[in-house]
Structure formats: C-alpha cells, structure tokens
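**Q** Can you make the complete structure from the sequences, with help from the hints?
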Amino acid sequence: MGHELATLFAAGFVYLLLLFLVAYATDRDWLPSHWAAHPLTYTLSIGVYATSWTYYGSVGYASVNGLLFLTIYIGATLAFVLSPVLLQPILRVSRDYQLTSLADLLAFRYRSQAAGVLVTLFMLLGTMPYIALQIRAVTESLQVLSNEVPSNTIALVFCATLILFGVLFGTRHISPREKHRGLVVAIAFESLIKLVVLLLIGGYALFGVFGGTRGLEDWLAANPQAIEALYRPVTESPWSALVFLSFAAAFLLPRQFHMLFAENLDARSLRTATWAMPAFLLLLNLSIPVILWAGRKLGLGINPDYFVLGITLADGPSWLSLLAFIGGLSAASAMVIVTSIALATMSLNHLLLPASYPDPAMNLYRWILWGRRLLIGLIIMAGYGFYVGLKHSQSLVELGLISFVAVAQFLPGIAGMLYWRRATRVGFVSGLLGGICVWSVLMLAPLLYSSGVLITDMGVPHIVALSGMHKWAFATFATLTVNGGLFVLVSMLTRQSPGELEAANACCAESTGPLAGVVAAGSPDEFRTLLAGTLGRETADGEVDQALADLGMRPNERRTTELRRLRERIERNLSGLLGPQLAHIIVNRRLELDPEAKTALADSMRYVEERLETSRSQLRGLSVELDNLRRLHRQILQDLPLGVCATDSQGKIVLWNLALEMMTGVDAAPLIGTRLDRLPPPWDGLLAGFSRTAEDHAYRTELAVAGRPRWYNLHKAAYADPVVEGALPSRPGMVMLIEDLTDLGTLEAELAHNDRLASVGRLAAGVAHEIGNPVTGIASLAQNLRHEDDPDVVRQSIEEIIGQTRRISDILRTLKGFSRGSRHLQQRETFALCEAVDDAVHLLRLTHKHDGIRFEASCPGDIVVTGNRQQLSQVLVNLLANAADASRTGDRVDLLVRAAGDEAIIEIMDQGQGIPEELRETIFEPFYTTKPTGQGTGLGLSLSYKIIEDHNGTLAIDSQVGLGTRVIVNLPLRAAESANESFAHH
Amino acid sequence: MLPPRFPLGRELAVILGVLLLLLFVSPVAGWWATPGMNWMTPYALWLLVILGAVFIHRRDDSDGS
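Order-wise, the sequence lines are chains P and G. Here the first sequence stands for residues 1 to 986, numbered as in the working numbering. Here the second sequence stands for residues 1 to 65, numbered as in the working numbering.
These are calculated hints, taken from the structure and not from any lab test. In this text, a Cβ means the ideal position worked out from N, Cα and C, and glycines have one as well.
Derived contacts from chain P toward chain G, CB cut-off under 10 Å, selection only: (1) L78; (2) L230; (3) V243; (4) P278; (5) L282.
Which chain P residues face chain G? A few, computed with CB under 7 Å, are given here: (6) I74; (7) V81; (8) L82; (9) P84; (10) I227; (11) E228; (12) Y231; (13) V234; (14) R271.
**A** Next up, the structure:
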C-alpha cells in the first residue's frame with residue numbers, strides 16, 4: 001500500500017503552511033506571549049537536535065549497530081547535565097557580549113578575525129553533508145511511500161519553501177537582543193510533532209504489530225539474537241567515541257548554538273532544559289528498538305532507515321503513514337531552517353562583512369538584513385548542491401557523524417574559552433587547522449571518493465584498519481589529538497595580546513576586571529559624529545541612542561567613566577550586528593582611548609561593583625569571602641552616621657554615602673565620576689573649598705542651606721589607590737567626613753530655653769508669694785484706716801504701709817537687677833561680693849523650693865571684685881541650688897566668703913550624699929545631670945564653670961561620699977586696670 | 001550579611017555527569033549490556049540520571065538561585 005506522490009506533496013505543503021501559520025501567529029501575538037517564553041517551548045526548540053537522522057536513521061543504525069544509536073543522545077544528555085559548568089557559562093558570555101554564533105564566541109575570546117573566518121568556513125564545510133542528509137531523507141521517504149523516484153524538482157521546491165520560511169521568520173530582527181519568537185515556537189512545534197508521531201508509530205509497532213507487550217516478549221524470547229545484537233556494540237570501541245562526539249554536537253552544532261544561546265529568551269529556561277531535554281530525547285528513542293523489531297517481524301524488504309515508514313505501510317492505517325511522513329518532514333525542515341539562519345549570520349559577520357564592508361552612505365541595518373536573507377538562500381542551495389552531487393551510498397547516520405566529528409574540533413577552543421585563560425589565538429588557530437586537515441583526510445576524502453569526486457581514498461581505510469580501531473573512534477581520537485596537542489603546545493609557546501587577555505578575563509566567570517583607559521571623545525554627540533564615519537549617520541545615531549537607553553544614561557553625559565561604559569556598550573551592541581571582531585576594530589578605530597590619560601582604580605569602582613553584583617553567584621571560594629568583606633566595608637561606609645565623600649586622584653567623586661545623600665539631598669548615582677566643583681550649590685563651595693585648604697579639619701563651618709544657617713564640622717585625609725597589577729601607585733585620593741552640627745546646636749538652645757522657662761516659673765511663684773503677703777497687709781491696714789480716727793494709729797498704720805511697700809520695692813529691685821543682667825551680660829562693674837551673695841540667697845529663698853534647707857551666708861563687706869554682678873549671682877544661685885538639691889530637709893548649706901592673697905574664695909558646703917569619684921570629671925559636661933528627668937537640664941554647672949572661667953577664676957569640687965560636697969570658687973580681687981581691659985575684651 | 005552561597009548545584013551536576021559516564025561509558029556498561037537483561041534497562045538507567053537532574057533543578061529553585 002502506498003500513497004500518490006501528489007498526495008504526499010500536498011500533505012507536506014499543508015504541513016509547511018501550518019508551520020508558517022504558527023510562526024506568523026506567534027509574531028503577531030495571536031498566541032499567548034507566555035507560550036513563547038515557556039521553558040518547555042525553549043526545550044522543544046532545542047529538540048531541533050533530533051533531525052531526520054534520529055527520526056529515520058536511528059532504526060537503520062540500530063539494525064546494524066544495536067544500541068550504538070543511543071550514544072548520540074547519551075552524549076547530549078551529558079552536555080545538558082553538565083549545564084551549570086558548561087552551557088550556563090557560555091550563555092552568560094553570549095548574552096553579555098551579544099554573541100550569536102560559535103564563530104562569534106571564538107573570535108571574541110581569541111580576538112581574531114582569522115579564528116572567526118576559519119570556524120565559519122569549517123562549519124559550512126562540515127554542515128553541508130548534514131543539510132544534504134535532510135533533503136535526502138525527505139526525498140527518500142517520498143520514494144518509500146509512493147514507490148516512485150521523486151525528481152530533483154521536489155527537493156528544489158522543499159528547499160525553496162525552507163528558504164522562504166527562514167527569510168520570513170529568521171531575519172525579522174537584526175539585533176540579537178530581539179528574539180525570533182515565531183521561529184522558536186515553530187521549531188518547538190516541529191519537535192512536538194516528531195515526538196508525538198514517533199511515539200504513535202512506536203505504539204502501533206507494539207500494539208499493532210506485536211499485539212501488546214506480551215507479544216513483544218514472546219517474539220524476543222523466540223528471537224534471542226535480537227537482544228544480543230542490541231547489546232553487543234555497547235562494549236565495543238566506537239561506543240565511548242560516539243558519546244563524546246554527541247556531547248560536543250549537543251551545543252556546538254550551529255543549530256544547537258543558535259537555539260540554545262542566540263534565541264534564549266530567559267536564562268532560567270536553560271536550567272529547566274537540563275532535565276527536560278534529556279527527557280525529550282529519551283521519549284524520542286523509546287520506540288526505536290520496538291520499530292526495528294516490528295520491521296523484522298514484518299520482514300520488510302526496505303532499507304531499515306525507513307522502517308518508520310515501512311511498518312505503517314505494511315499493515316497500518318494510511319493516515320499513520322501520512323503522519324509518519326509529516327514527522328520526518330518536520331524533523332528535516334526544522335534542522336535546515338535553523339542551520340541556515342545560524343550559518344547565514346556567521347557567514348555575514350565573518351566572511352561577507354570583513355571582505356566587503358558597505359559604504360557608510362548605505363543603510364547598514366538594511367544591508368545586513370538583506371545580506372542574511374541572501375545567505376540563507378545560498379546556504380540551503382549549497383546543501384541542495386551537496387545532495388545532488390553526492391552519491392547516496394552512505395547511511396543517514398554516517399553523513400551526520402561526519403558533521404559531528406567536524407564540530408568536535410571546536411571543543412579545545414571552547415575549553416580554553418571557559419577554563420584556560422592562558423590559551424592563545426595562535427594556539428587555537430594552529431590546533432583548529434591541524435584538526436581540520438586530519439578531518440579532511442579521514443572523513444571528507446572518503447566521502448568525496450565514494451561519491452566519485454576524488455579518484456583516491458588516500459589509503460584511509462588501510463590506515464584505520466592498521467590502528468585496530470573503529471573508524472569513528474579513530475577519527476575522533478586522531479583529529480582531537482592533533483588539534484588539542486597543537487592548541488596546548490602552541491599556546492604555551494606564544495604570548496597573548498592585551499586584547500586577548502582582556503577577552504579571556506571577560507569569558508572567565510570570576511573576572512570582574514575594570515575598564516581601562518579614557519575615551520578621547522568628550523560626549524555622546526562626539527561619539528555619533530566619529531562613528532558615522534564608518535557606520536553612516538543613521539546607524540551611528542541608532543547605536544548611540546540604543547546604548548544610552550541600555551545604560552540609562554543622559555544624552556549630555558560628560559563623565560569620563562560613564563563615557564568609557566558607553567563605549568563598551570556600543571561595542572557589545574555592534575558585536576551583535578557585525579560580529580565581535582569587526583565591532584572591536586570599528587570601536588577601537590573610531591572611539592580611540594586617550595593614550596595620555598591615566599585610569600585610577602577608583603575611576604572604575606562603579607563598574608567593578610556592578611560586575612560583582614551581577615556575577616556574584618559565579619564567585620567561588622576566596623572570591624566569595626573577599627566579596628563579603630567588600631560588601632561589609634561598603635555597608636559600613638554607607639551606614640556611617642556621618643557624611644562620607646571620597647574623591648580619586650583627579651578630584652572626581654567615587655563615594656557619596658547615604659548620610660551625605662540625606663544631608664545634602666543630592667543622590668549619589670549621578671554624582672559618581674564628577675568633580676567636587678560640579679556639585680550643586682552650596683555644596684560645591686563647601687566641599688571643593690575645603691578640599692583645597694591646607695587644614696585637615698574645619699569646625700562649626702556655617703553654611704546657608706535653603707536660606708537657613710546650618711553648621712558643619714569637616715575632616716579630611718588623603719588615601720592611596722591600591723597598587724593595580726603591574727602599575728605604579730597613582731596620586732592619592734581624598735576622603736572627607738562631614739558632620740552636621742545644626743541639630744545639636746538647636747537642641748542645646750531648646751534645653752537652655754526650657755531651663756530658663758522653668759526658672760522663671762519658679763521665680764514667678766516665689767514673687768507672687770512674697771508680694772502677696774505685704775499686699776494683704778497693706779489692704780488690711782487700709783481697711784482699718786477707713787474707720788480709724790486716732791492720728792497716732794493712723795500714722796503708725798501709714799508707717800507700716802510704707803514699710804510693706806518698701807519691702808515690695810526691694811523685691812522688685814532685686815528682680816529688676818537680675819533681669820537687667822540677662823540683657824547686659826557683657827557689662828562689668830566693681831562691687832562688693834556680698835551684694836551678689838545677698839542677691840543669690842534672696843532669689844533662692846523667693847522660689848520657696850528649698851524652704852526646708854537653712855542657708856547660712858558669711859561674707860565680709862570689704863571683699864570687692866570686678867565683673868558681671870548678675871552673672872556671678874547666677875553662678876551662686878546655681879551652686880546653692882545644687883547644694884540644696886543634694887541636701888535633705890533640715891540640712892544646712894553654708895556659704896563662706898574670704899580673701900586670700902589677691903583672690904576671693906567662695907566656699908559652698910552642703911551635708912548631702914557627696915559626689916562619687918568617677919562622676920567628678922563628667923559633672924561639668926553640658927547636659928550631664930544626676931537629677932530625675934525634667935528636674936534638671938545639666939546646664940547649670942557647666943554654665944557656672946564657663947562664667948567663672950570668663951572671670952579668670954577657677955571652680956573646683958571637693959567631695960566625700962556620704963559626708964557632703966564643698967564647691968570652691970576662686971575669683972581675682974578687684975583687678976588692675978590691665979586685667980579689666982583683658983576681661984572687657986574677652 | 002548573608003553567608004556565602006555554596007555552589008552545590010554545580011558540584012552536584014558534575015557528580016551526576018560522572019555517574020552518567022560510570023553507567024554508560026565504563027566497564028559498568030558491560031554489566032547491564034548482557035542478553036539476560038531486559039531491553040529497557042539502559043532506558044531505566046537513563047531515567048535515573050534524568051531524575052537526578054530534576055532533583056538538582058528543584059533544589060536550585062528552592063534556593064532561589
């Protein structure tokens with residue numbers, strides 16, 4: 001039973017139309033957007049690994065080589081299991097530097113256009129047989145199903161359809177940052193189709209041909225040689241070689257690299273693929289032995305490569321055979337589409353652009369777009385040429401394995417990229433050339449010989465026979481020994497260029513190297529002008545705008561560190577367009593670095609910190625400890641309750657901590673890299689001015705902030721940059737501490753004000769009491785006088801009234817004098833000390849706060865001092881009040897004044913609990929008090945100390961715990977004229 | 001300060017890779033590749049490795065790394 005060729009052609013055409021529809025619907029957002037971003041969609045898209053080789057060829061390979069077909073998937077499983085140390089680092093580098101192909105990656109790592117050219121050419125050469133294999137699988141499947149030999153026209157139509165698909169859905173965007181979601185979903189759809197169909201055919205083989213598992217077991221029991229043939233090759237020589245080859249192919253084949261890294265929408269999807277992809281491969285291969293045995297049981301007389309079709313044709317429903325054909329078509333078309341897109345990008349970046357760079361007057365974006373489209377067509381047609389030119393004597397698997405050995409030649413270079421910084425460009429190119437030569441002799445030459453292109457097989461079968469190894473094992477061993485050996489040996493003998501070293505560090509996970517150098521161009525506009533010379537005005541504007549947007553940078557940015565970052569971002573973005581090496585050359589040539597300018601480590605601090613933040617999860621061992629230490633130090637600086645500002649050797653700000661942000665209201669981010677004199681006012685004057693002074697400290701510096709005065713203490717110190725590897729120590733930078741005193745001063749003033757209010761309150765109460773008594777007396781006397789006629793009594797009453805009013809006048813005079821003192825603090829006079837003593841005792845008594853305390857004052861009237869009477873009275877009030885506060889009810893407080901030499905000595909003694917030794921130093925400090933909260937401000941004693949000091953006197957404490965305290969005040973007696981002048985100027 | 005994250009996921013991945021090599025590319029393969037064994041034995045071993053990868057993936061996810 002067969003199908004008409006036209007029916008098959010129509011079915012294939014409808015299927016490919018459906019594929020177009022799926023891609024188109026995704027691109028137009030007709031399908032939910034999360035479908036494209038789903039990890040399983042990503043996993044299925046990587047399933048492009050399984051081509052018609054898997055779909056058809058595995059059964060054919062199993063028929064001759066048993067379980068050897070599994071090696072192709074066990075090796076791939078190994079690559080995915082090792083994803084954290086293999087695929088994820090490659091994905092990181094690819095995304096960071098916008099590398100879209102293996103050629104990009106290796107050209108970037110080895111800073112070599114030659115490496116890119118060589119990889120691309122070899123990839124083209126190695127992949128052509130593989131594309132030819134897919135076309136052949138489709139045409140042969142048509143032949144099997146229709147029993148007709150299809151003309152090359154059908155193959156040509158198939159190729160043309162795939163070219164159309166690749167052009168429409170594989171080149172929608174030219175920047176790698178924009179992914180081809182339609183392509184990804186379409187390829188995932190193809191993987192799903194081939195998986196489902198293969199499982200259906202496996203199910204048919206099991207239940208349709210064998211009648212269930214029991215039937216299969218019975219057949220296997222009757223044919224023990226089937227199991228024996230399956231297991232025999234496991235321990236033979238090509239087994240491990242094929243595992244190794246497929247391990248490399250799983251991520252190095254152009255289509256694999258493209259779907260794994262270039263079209264990856266989310267890095268987390270790759271982590272899901274570590275198990276989901278092996279699971280997909282397992283399901284795909286589960287049916288293979290059953291289909292093979294079903295073919296054997298049915299006694300199919302066709303090539304076992306096509307048992308998948310044969311068993312459905314023999315006895316199955318016709319729709320199943322049609323579906324089987326669609327499954328094979330999907331496997332082949334997916335491979336050709338993705339491979340051609342990947343190779344087109346590679347060829348454009350590494351062959352076409354370096355060979356014929358377009359005129360800057362042309363639109364570069366359009367040129368690249370059409371270049372890729374043209375190359376997709378050329379590559380698929382070249383594959384068609386291989387298909388037509390090669391004789392079909394090899395099995396599908398053999399053609400595929402030739403490509404596998406080819407891509408394995410990139411493994412040493414990848415290993416060097418990931419884990420060997422010492423690897424050099426010359427070493428890589430030498431190794432690759434060696435590997436290509438051996439591959440050409442061992443793999444390509446026999447293929448061309450068998451196709452009649454070459455007239456000799458160069459004795460390869462003889463050499464392989466002499467080795468005693470299987471040809472795949474021998475080819476793998478020979479190519480990689482030559483390749484790897486040359487790679488290591490030449491790398492050891494040659495030196496890396498600085499560019500190579502920089503790229504090697506960038507590829508290494510632990511690398512967080514700073515950006516060296518200063519760009520000569522001074523603004524983004526200058527970047528545009530310079531780049532336009534090569535890229536054209538439109539492209540240059542587009543790239544600079546894109547890079548500015550990527551970095552969130554202002555268009556008028558002028559900071560050198562930021563411009564250095566902008567330059568690097570432009571190079572990365574151009575790398576996605578033109579390939580890393582061409583982008584590197586253009587940026588180096590157009591945006592030159594100033595050879596005179598030096599870069600301090602501090603200049604790159606922000607960059608280094610950003611890199612450390614983003615790659616923290618990749619740090620290992622001591623690096624993690626060092627990073628923790630760095631974070632701790634940085635956090636300490638950030639959380640310091642003092643403003644911290646550090647500048648580098650060129651006066652540019654490298655640190656502006658949180659306290660300083662809050663103090664100044666200026667954010668750190670836009671400041672980093674600017675000079676202090678570019679700060680907004682008034683901070684520019686304060687900090688830039690202080691940085692220029694010779695003094696390391698400035699105390700209580702007044703600054704008008706928002707129209708209000710504020711006070712700051714400033715401190716600064718020089719620091720030296722750590723010595724950068726191989727560089728001389730640079731000039732020192734500077735660190736400044738800024739302490740805001742304004743709040744402290746305000747608090748002091750408020751407390752003093754509260755203290756004054758409390759004093760006034762107490763005084764007012766005392767005054768009311770004192771004046772109240774005589775007023776009551778006067779009122780009583782006045783009442784009595786109304787009815788009194790006796791002149792003597794009237795006169796006596798009047799005398800008493802006058803006496804009471806005098807008493808009131810005395811009280812008021814005392815108060816007046818005290819208040820005048822507050823307004824005339826700087827006035828001095830010569831007065832008898834006992835007057836101040838009387839004032840103080842009188843005032844204290846007026847408050848009635850210490851009514852239970854006896855105040856005994858002894859003051860000779862001839863002791864005269866010069867000074868501010870009110871201030872000294874206040875001191876005595878404070879000291880007497882303290883003594884009274886420390887006393888118990890009934891205690892006595894003595895105040896003795898005496899003259900000794902040219903000094904007056906005032907002693908105030910109480911019988912209180914005394915002052916402990918450890919507190920005697922601190923009681924003079926402002927705001928220190930031992931009294932309960934709200935009863936003392938802690939200012940009295942410190943103010944008294946200050947006043948006595950202003951009068952050139954001393955104040956000392958002599959105290960014994962439990963016995964009492966004696967406060968001794970020494971004041972100069974009436975001073976000479978010169979001393980008076982000195983005081984007056986104080 | 002957070003304690004340094006120990007990259008156990010990477011190490012488990014390498015251990016799993018070594019296990020795969022041990023099962024499929026070592027003399028151990030000679031043990032299961034005998035006619036007496038069920039033809040699905042290599043698939044079962046393969047599934048074992050996949051389950052190991054699932055375990056590592058879930059562990060990494062729960063770490064939030």
